[in-house]
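Asks: If you want the building blocks of each chain, they are given just below.
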Amino acid sequence: MEVDANVGIALTFARSIFTKKIFESMEDLEQIPDATPPEPENPAALLRITPEIRAYWIEIANWALVFAGLTTLYFIVSSINSLSNTSNFGEADLPKSVAFGAVIIGGVITLIPVWFLFKFATLTKDALRTESNQKLEEGFGFLKYHYVFYGILAILYFGLIVLAFVMLLVVSSSRGGF
Amino acid sequence: MAILDDDYTYISPEDQSGLHPTPRVNATWISTGKWAVFLSVLGFIIVGFIALLSVAAGTVIKTFTSLLSAQYPLLEVIKPLLDYLALLMLPILTVFFFIYYYHIRFASGIQKALRYNDQALFAASWRNLRNYFRIYGIVMIIFVVLYLVVMILALGMEGVAQPVSPLD
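From first to last, the protein sequence lines are chains A and B. The opening residue of the first sequence carries number 1 in my numbering; numbering runs sequentially from there. The opening residue of the second sequence carries number 1 in my numbering; numbering runs sequentially from there.
Some hints here could point you the wrong way.
From the structure, some residues in chain B lie toward chain A, with a derived Cβ separation under 8 Å [what the hints assert, rightly or not]:
#1 His20
#2 Pro21
#3 Thr28
#4 Trp35
#5 Phe38
#6 Leu39
#7 Trp126
#8 Arg127
#9 Met140
#10 Ile141
Derived DSSO-like pairs: lysine-lysine, alpha-carbon spacing no greater than 27 Å straight-line [what the hints assert, rightly or not]:
#11 B:Lys112 to B:Lys34
#12 B:Lys34 to A:Lys135
#13 A:Lys135 to B:Lys112
#14 B:Lys34 to A:Lys125
#15 A:Lys119 to B:Lys34
#16 A:Lys135 to A:Lys119
#17 A:Lys125 to A:Lys135
#18 A:Lys125 to B:Lys112
For the record, the hints were derived by calculation from the structure and aren't laboratory data. Remember, predicted model here, so these are calculated numbers, not experimental data. Virtual Cβ for every residue (Gly too), placed ideally from N, Cα, C.
Next up, chain A with everything else stripped away, as it sits in the complex (with noise of 0.2 Å):
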């Protein structure tokens, strides 16, 4: 039994210096360099902006102010359309309340991404001339508020449809079905 025991203290006592040794040459792993190369704060910054991408930017920036003049006038003379008596297509039928609501709703919708879209020309053209970087990020933060607002729009759009479906569903089921 004495053997035994002593056997076991020395199983014991060699486990001890082996799981030691792993644990120093797991220490020897960690304090190994990664061989990938660290990321860089800023990964976009490897980019350039080329002449070719500065001239994309000033075209962008111009059809930006075409379509946001477009549109404004579009909303202009349809505005003028619907309020007035002698409209030919039938908004001369609703009280005035109503065609004025509806154009105020309609110059929210229209009118605010419109003017994302005309700061977004004027200010990345302006950092282009000016070599702003605050402008070029301020410029297509409004790019991204654009973009941003129609896709909320969207989402409204979708859901309302969507609703609009699931009121005909329970009406039509509480009424015996279609």
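The hints should help you fit chain B onto chain A, whose structure is shown.
Replies: Here is chain B on its own, set in the frame of chain A:
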């Protein structure tokens, strides 16, 4: 050595301009790309839906036109065109397909270019956005001109023949 941590460390010597992609504008472009993907996919769905509708809608609209032609004489002018509605819609839908095609190429390209630092893809993405804005701008000009022409025509026809109410 704090200056080495600044973003200017990564500016290439070939780049003569002071403009460069900052972390903030990088995040803005990625976010814009994600929203643009969503809007492009939505655009493709709408184009497909209108293509399906235009195949069947000609007959339906023609029926309504014959009912309302007494009230609105302008509808008589477009009545013969309704037989070819799907064919007439084809070029319009093709143009809109290309608009969303360029848009989704910009959206996916800008995200990949920023992720993998691909300069060629970065330039191609902006070229695709330029194409998107160019085609959309031309379509917008045509639409506004047509709208103004139709409005002037409608005002002119109103002077010739007043719409007759069915209650009269």
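Asks: Is the Cα-Cα distance between A:Lys135 and B:Lys112 27 Å or less?
Replies: 24 Å, holds
Asks: Can the hint on B:His20 be confirmed by a CB-to-CB distance to chain A that is less than 8 Å?
Replies: Hint holds; B:His20 Cβ to chain A Cβ min 6 Å, cut 8 Å.
Asks: Classify the hint on B:Ile141 as holds or violated, based on whether any CB of chain A lies nearer than 8 Å to its CB.
Replies: Holds. Min distance 6 Å.
Asks: Taking 27 Å as the top limit, are the C-alpha atoms of A:Lys119 and B:Lys34 close enough?
Replies: Holds: A:Lys119 and B:Lys34 sit about 21 Å apart, inside 27 Å.
Asks: Against chain A, is B:Arg127 within 8 Å by beta-carbon distance?
Replies: Hint holds; B:Arg127 Cβ to chain A Cβ min 6 Å, cut 8 Å.
Asks: Tell me if B:Thr28 is really an interface residue toward chain A, meaning its C-beta lies closer than 8 Å to one of theirs.
Replies: 5 Å, holds
Asks: Holds or violated: B:Lys34 with A:Lys125, Cα cutoff 27 Å?
Replies: 24 Å, holds
Asks: For B:Lys112 and B:Lys34, compute the direct alpha-carbon distance and say whether it is at most 27 Å.
Replies: 11 Å, holds
Asks: Holds or violated: A:Lys135 and A:Lys119, Cα atoms, limit 27 Å.
Replies: 10 Å, holds
Asks: Is it true that the CA of A:Lys125 sits at most 27 Å from the CA of A:Lys135?
Replies: 9 Å, holds
Asks: Given the hint that A:Lys125 pairs with B:Lys112, does the C-alpha gap stay at or below 27 Å?
Replies: 25 Å, holds
Asks: Is the straight-line distance between the alpha-carbon of B:Lys34 and that of A:Lys135 27 Å or less?
Replies: 22 Å, holds
Against the hints set out earlier in the document, no violation occurs for any number.
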